[in-house]
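Given chain A, put chain B in place with the hints provided.
Number of protein chains: 2
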Amino acid sequence: MTSLLPVPETRVLAVASHVVSGYVGNKIAVFTLQSLGCDVAALNTVQFSNHTGYRQWQGTKSTAQEITALYEGLQSAYLDDFDMMLSGYIPGAEAVNAVGAIAKALKEKNRENFFWVLDPVMGDNGRLYVAEDVVPAYRGLVPYADLILPNQFEAELLSGVAIKDMASLTAAIQALHDTYKIPHVVITSVTLPHAPEDLPSSAGKHLSVVGSTMTSAGQARLFKIVFPAINCYFSGTGDMFAALMVVRMREAVSAVPGLGGTTSWQSGDDVATLELPLAKAAEKTLASMHELLSRTSERMGQVVEKTMRGMTEDDKKDDKKMHLVKSKAAELQLVRNPDCLRDPKVQFRAKEM
Amino acid sequence: MTSLLPVPETRVLAVASHVVSGYVGNKIAVFTLQSLGCDVAALNTVQFSNHTGYRQWQGTKSTAQEITALYEGLQSAYLDDFDMMLSGYIPGAEAVNAVGAIAKALKEKNRENFFWVLDPVMGDNGRLYVAEDVVPAYRGLVPYADLILPNQFEAELLSGVAIKDMASLTAAIQALHDTYKIPHVVITSVTLPHAPEDLPSSAGKHLSVVGSTMTSAGQARLFKIVFPAINCYFSGTGDMFAALMVVRMREAVSAVPGLGGTTSWQSGDDVATLELPLAKAAEKTLASMHELLSRTSERMGQVVEKTMRGMTEDDKKDDKKMHLVKSKAAELQLVRNPDCLRDPKVQFRAKEM
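Here the protein sequences line up with chains A and B, keeping their order.
Heads up, the first sequence stops at 353 in UniProt numbering, and the numbers go up one at a time, no gaps.
Heads up, the second sequence stops at 353 in UniProt numbering, and the numbers go up one at a time, no gaps.
The following block holds chain A by itself, in its conformation from the complex:
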């Protein structure tokens, strides 16, 4: 079976939130990584009953001290031999800095063979959902990351560039390379309009991801992948996207002799944009995501119906309660659809920009 796994032995430290029920943060990332053969150390930054999109939850957050202590536990037991790290939601600036210190220690220990994928979770759609001091904390950490996965709003916060069109989006990516010397960037869920020639054949609304691996001179090599949007608000998609990028980046880099042993896996300047491991990783990642979101969306009606069977007529008229039901129905249906992970059929290809 080992030979069917896409990556060589890969030990990943995954730092993100844990929810008892449902699939966001480490709850979706850990299963995704494990299913594709990664040995995952899962450091949970919170334990909540469910994700906050339900608008009600119970649970506790880990403090910066607790996060640091857990890492020290690993370190003193020879358990800090990580090839990669994935960081997602971290509660508060102090905890963000504690996680940053872990990444720095791991990079220091293993400069040529350690790769940090940083999802700088700060907000979305123009709204910050963390404390304001988290923003400068992330700005201080990006220079230590190898790949960052901001959404459009987070890319604005980190780059200082207002993104209004494709020109300003590419300017933002160049600014990220310039300011932080960050080698790899992917901006997720870009909602800007696309030129008709960039659209796949299907009708309806489209989204894109835009990525770049910089050259040795710090020049962006830009690609984008346009894909049809599914008209539903899912949670955990960013976390699953990030986990898939960890695996698919490792896979694509492993296919290039010698690249894995270089700092930050930065392809030579002679590598064409569409041949970049980052572009290939993003294609496979989106293929898995699109397939899973389609299947989740097909099942939603059934979940709503089943859950409503246990509700009173009054509850069914209560908007807050119906919001809970819809949130439950939008949970990613990964455990029943594991083939979405293993066998993604790439339909949407990267294009040079």
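One or more hints might be untrue.
When chains are identical, the list treats them as one kind, so a pair holds in a single copy or across two.
The calculated lysine to aspartate or glutamate pairs, modelled on DMTMM-like cross-linking and capped at a C-alpha distance of 20 Å, are [as the list claims (entries may be wrong)]: (1) K326 <-> E9; (2) K351 <-> E66; (3) K61 <-> E132; (4) K109 <-> E313; (5) K306 <-> E9; (6) K321 <-> E72; (7) K181 <-> D269; (8) K61 <-> E72; (9) K61 <-> E9; (10) K109 <-> E305; (11) K280 <-> D269; (12) K345 <-> E298; (13) K320 <-> E72.
Note that these hints are calculated values from the structure, not bench results.
Frame of chain A, contents of chain B only:
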């Protein structure tokens, strides 16, 4: 893909410990359950850097209040629609009772379609590793469980019968049925000697599991499965065994028309011992376990060697440090061997006793 999963849609509440690195408690149980298609709500009773068999660790325990609050969070968001529950390590009597209250609430809500697999984690090899008041707490909860999975020592604590030979072992199981009306019992890792005719062909040390589903009159229907021991101290095997029993019991019961909708899935008195879903579930579970432990054992040398490369000569002479290395090497290698879960080849068959 759904059709390749062994169980119909199954929502499981898994309550156990979480370790950042390695594979015990929920860290092994959740991946096992998810890989076989269960939607798992994972309520973590501790978050430790690594399991306590390393003899050093960092981390925090959840209080009884925190456990209860997490469950209330689920309940108030329509997320308590569980088909099954698996409970493992719970820190302290108060927390054990909090978990018991959750199980009682779920059973109350869904008497014919809820099944609680209780692993009464208290100790092993004659030694208690929990506080003394945990023992009466578990004694109070066993009547609400559907299947319990004590090891030999825990079976003694619950039954009050000293287990010295096969006769006293079967007396202990009958006492468990009599005292607690618990329908299904499996005693794991029984080290009693076996009659030569019970041994499989392979030489060396053997272990067994002994199980029973009681008749409507409360009579034990006893079976045992003898299998070759692997000469190594693994951690997490009990937790993985329990997770597999959840899936395989659900699978075996689903294959019997009508059985799934009956209280505690208790087979009719006309069902022969070796046809019991419990016996079939135990066979498949042991097949997976044996395969995985064999593969883990084959890889141990490599893990030791790789870890020792980063050690100083002084560290290599330090028994405590070498114990850490060996503990790491004995972590279950499940993520690289997922076929052990999906495709277990049953070599060791249940026999009537």
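Here is how each hint holds up against the structure:
For the identical chains of this complex, K326 and E9 are inter-copy neighbours only, at 19 Å across copies versus 39 Å inside a copy, given an alpha-carbon limit of 20 Å. Proximity of K351 and E66 under a CA criterion of 20 Å is satisfied in neither setting, with 44 Å inside one chain copy and 49 Å between copies. In this homomeric assembly, K61 and E132 come within 20 Å of each other (Cα to Cα) only inside a single copy, at 18 Å, whereas the closest approach across copies is 30 Å. In the homo-oligomer, the alpha carbons of K109 and E313 lie at most 20 Å apart only across protomers (19 Å), although the nearest pairing inside one protomer, at 60 Å, exceeds that limit.
Proximity of K306 and E9 under a CA criterion of 20 Å is satisfied inter-copy only: 12 Å between copies versus 41 Å inside one chain copy. For a Cα distance limit of 20 Å, the shortest separation of K321 from E72 across copies, 15 Å, qualifies, whereas the shortest one inside one copy, 42 Å, does not. With identical chains, the CA atoms of K181 and D269 are at most 20 Å apart within one copy only, with a shortest distance of 16 Å there and 72 Å across copies. Proximity of K61 and E72 under a CA criterion of 20 Å is satisfied in both settings, with 19 Å inside one chain copy and 17 Å between copies.
Proximity of K61 to E9 under the C-alpha cut-off of 20 Å is found in neither arrangement, the shortest distances being 31 Å within a copy and 31 Å between copies. Proximity of K109 and E305 under a CA criterion of 20 Å is satisfied inter-copy only: 19 Å between copies versus 52 Å inside one chain copy. Within a single copy, K280 and D269 get their C-alpha atoms as close as 17 Å, which meets the 20 Å cut-off; across copies the closest is 59 Å, which misses it. Taking CA atoms no more than 20 Å apart as the test, K345 paired with E298 passes inside one copy only; the shortest distance there is 19 Å, against 35 Å between copies.
Proximity of K320 to E72 under the C-alpha cut-off of 20 Å is restricted to the inter-copy arrangement: shortest distance 17 Å between copies versus 42 Å within a copy.
Checked against the numbered hints above, the structure violates hints 2 and 9; every other hint is satisfied.
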